[in-house]
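Chemist: The primary structure of each chain is shown beneath.
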Amino acid sequence: MDNRGGVRRPSRYPGRVNDFPDAGPTGDRKRLRVLAAMSGGVDSAVAAARAAEAGHDVTGVHLALSANPQSFRTGARGCCTVEDSRDARRAADVIGIPFYVWDLAERFREDVVEDFVAEYAAGRTPNPCLRCNEKIKFAALLDKALALGFDAVCTGHYATVLVKDDGSRELHRASDAAKDQSYVLGVLDERQLAHAMFPLGDTLTTKDEIRAEAERRGLAVARKPDSHDICFIADGDTQGFLAKHLGSAEGAILDQDGERVGTHNGAYGFTIGQRKGLRIGVPADDGKPRYVLDISPVDNTVTVGPADALDVTSLTAIKPRWCGTPPAGPAAYTAQLRAHGEDVPVTAELVGGELRVAFTAPVRGIAPGQAVVLYDGTRVVGSATIATTAHTTAGERTDTRTGADSVAV
Amino acid sequence: MAYFDHAATTPMLPEAVQAMTAHLTVTGNASALHAAGRRARRTVEESREALAAALGARPSEIVFTGGGTESDNLAVKGLFWARRAADPRRVRVLSSPVEHHAVLDAVHWLADHEGAVVEFLDVDRHGRVHPDTLRAAIARDPDDVAVITVMWANNEVGTLLPVAGLTEVAREFGIPMHSDAVQAFGQAEVDFAAAGLDAMTVTGHKIGGPYGVGALVLRREDTPVPLLHGGGQERSRSGTLDVPAVAAFATAGTLAAHRRAAFTAEIGALRDTLVAGVLAAVPDAILNGDPDPAGRLPGNAHFTFPGCEGDALLLLLDAQGIACSTGSACTAGVAQPSHVLLAMGQPATHARATLRFSLGHTTTAAEVAALTAAIGPAVERARAAGQT
Chain A
1 MDNRGGVRRP SRYPGRVNDF PDAGPTGDRK RLRVLAAMSG GVDSAVAAAR AAEAGHDVTG
61 VHLALSANPQ SFRTGARGCC TVEDSRDARR AADVIGIPFY VWDLAERFRE DVVEDFVAEY
121 AAGRTPNPCL RCNEKIKFAA LLDKALALGF DAVCTGHYAT VLVKDDGSRE LHRASDAAKD
181 QSYVLGVLDE RQLAHAMFPL GDTLTTKDEI RAEAERRGLA VARKPDSHDI CFIADGDTQG
241 FLAKHLGSAE GAILDQDGER VGTHNGAYGF TIGQRKGLRI GVPADDGKPR YVLDISPVDN
301 TVTVGPADAL DVTSLTAIKP RWCGTPPAGP AAYTAQLRAH GEDVPVTAEL VGGELRVAFT
361 APVRGIAPGQ AVVLYDGTRV VGSATIATTA HTTAGERTDT RTGADSVAV
Chain B
1 MAYFDHAATT PMLPEAVQAM TAHLTVTGNA SALHAAGRRA RRTVEESREA LAAALGARPS
61 EIVFTGGGTE SDNLAVKGLF WARRAADPRR VRVLSSPVEH HAVLDAVHWL ADHEGAVVEF
121 LDVDRHGRVH PDTLRAAIAR DPDDVAVITV MWANNEVGTL LPVAGLTEVA REFGIPMHSD
181 AVQAFGQAEV DFAAAGLDAM TVTGHKIGGP YGVGALVLRR EDTPVPLLHG GGQERSRSGT
241 LDVPAVAAFA TAGTLAAHRR AAFTAEIGAL RDTLVAGVLA AVPDAILNGD PDPAGRLPGN
301 AHFTFPGCEG DALLLLLDAQ GIACSTGSAC TAGVAQPSHV LLAMGQPATH ARATLRFSLG
361 HTTTAAEVAA LTAAIGPAVE RARAAGQT
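Protein chains in written order, with my numbering: chain A, 1 to 409; chain B, 1 to 388.
Just chain A, with the same shape it has in the complex:
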């Protein structure tokens, strides 16, 4: 009898096998040894419960990512506190699976936190969740899991893995587009994908339904608030975090003609496309709002200008990673440029290891350091880190900052 708590509907990808096979005693599907990463939140708890219910041999692991974990959440809703670890443990108890805490704080600090700070210091806007998936969950954790005899790592991400007839795997957007998290998984390559399990991805399930399912399963995390965007910034104050790590130095806010229109306390504190918090005393000539157009950490200046100067017509991106075979020639795809961002039509081409993306219509406010994830329909094609952007207005302003490797800390 299927007593599954969640509402699972038929796959909307006909002709393909959805990869979250039940491993029932009579089924011919393999019973996998699954390592479930459990943050202490509701999504990963339900994901682990579903994997266990599907008949897999599941072990829960909470990743200790902070060297000095806070005992309790202090107003914030992070995933790195002792309390989160306890919540994950209680969920594992209820599901009835073994549970351990693994200390990956050192790797996390090196690969995610320091990278985050260095990227901001270089004037770029990184996505640490993407980096964590690439370097921690589906690298350090996956490698350790595989070496210890596990077959797969299971997380609470909303994304879908499909297995084609020839056995190859594809990453697709989650069935529920509003919850889709395939963007932050766009860095996974074929090997990583081969061992990834996302039990939440193929259900048309709203967050409320996941919470209701957690409730039905007796998981106390059912009513726990959603975690913060950046788990290691417990209070959500990214600016304060950066100021602590990078210090603050007064610099100029310039307009497009190089005129000083204001001051700031550190160029890294700004994101391209940002409008709020500029505190510019002098109004623009046309009286229209001004946005951050450029950040230059070298001379600690921030350039502002009108909205249309944010329009980007094309970009180049480095360190491409492909979920399968890279595209051969120029190809028509859609691209997503930030978490929960829109899908926009593009033409993409790989030229000597560099990804060149041309937008069908100009796109506003793209920041180097962010990831561009390419889609073919719902399928994730690959991703790369945005290095430079080209604009139409204001004299073909081309951003010449290079990629994430040349980092000035």
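None of these hints come from the bench; they were simulated from the model.
Treat the hints loosely; a few may be bogus.
[Unchecked claim] In silico SDA-like cross-links for lysine to any residue, where the CA-CA straight-line distance does not exceed 20 Å:
| no. | chain 1 | residue 1 | chain 2 | residue 2 |
| --- | --- | --- | --- | --- |
| 1 | A | 135 | B | 384 |
| 2 | A | 207 | A | 190 |
| 3 | A | 207 | A | 176 |
| 4 | A | 276 | A | 338 |
| 5 | A | 164 | A | 147 |
| 6 | A | 135 | B | 387 |
| 7 | A | 135 | B | 28 |
[Claimed, not checked] These stretches of chain A come out as covered by chain B in the derived footprint (C-beta under 8 Å, 3 or more residues):
| no. | segment |
| --- | --- |
| 8 | 89-103 |
| 9 | 383-389 |
Where a beta carbon is used, it is the ideal one built from N, C-alpha and C, also for glycine.
Given chain A's structure and the hints, the job is docking chain B onto it.
Modeler: Relative to the frame of chain A, chain B by itself:
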């Protein structure tokens, strides 16, 4: 199921369970004046006498507490406060770097909040403090030492420390000395009077008694400042006594002392088989602590498996029904590099690559065989996973 974590807690002896359950049905506050109270008090005093006899102490020297951690805190903080109150020059606390956290964190707290100057005496590669080291430390200024605390047997690597030799030095200078004998009781000959200690910690659940009850054995001459103020039910300790737990603790303590020689012979032999089996399966494993069986607890085997993470090995063995410990303290469930091994001079990579197998009164040859069969493949696999 093979249980190799007796040093964390060991199953209650049937006799102790019987004593506990029998007294759970009897009402009476041991401090009350009526017949029910007197009956409870009689149980407590008989238990006190029995435990004193088992530990080479006088009944009046037994202070019942809520367990090992409380006893350690009462001894270390209480004696420090009392000694400093008598002479404000006395601010120095001499201890060892291999202590259990109940002592370690208490002395750190004294340093952070009470102006104590804590000095950790060097240990040798087996984790042992030598009396000459203590003498040299005291001799630097005998008048400023408040209290000395050095454990009887190490809870991680099982090494026995020369308590009698250390107390001899402490006595020479008239400085009170405490020893945490939580692991030693029942496995080594623990005689409070013969050892010449001022204070000694023991606890119920490590010897086949219940959780949540312990004792500080305390010389009549020592009056530590209490941690818990209240009804004054015990000397330097307040709180209604848990009569059933006290009775069961004394029952277990009596049996532990009585059976010690047999335990040492039988469990020591199983431990030797375990050590030989593990070293045969994993030739480059390192046995930590004193390799001489006479110098370590009979129930302890502690290894470094180079190239492995202790927690990965633990997971692999746990999945096969074998329970053991990484041997070191946890912070939020994360195994930290063992402070004991670090103090013994092992590198941090080794200090994370450890497992402690601790045997007890229920350990069987079949359990040992299950472990020695499983350890080789587990180590091989954990090595492939490497150290993160």
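Chemist: Look at each hint and say if it fits the structure.
Modeler: Hint check:
no. : hint          : result
1   : A:135 / B:384 : holds (19 Å)
2   : A:207 / A:190 : violated (28 Å)
3   : A:207 / A:176 : holds (10 Å)
4   : A:276 / A:338 : holds (19 Å)
5   : A:164 / A:147 : violated (26 Å)
6   : A:135 / B:387 : holds (16 Å)
7   : A:135 / B:28  : violated (62 Å)
8   : 89-103        : holds (count 6)
9   : 383-389       : violated (count 0)
Checked against the numbered hints above, the structure violates hints 2, 5, 7 and 9; every other hint is satisfied.
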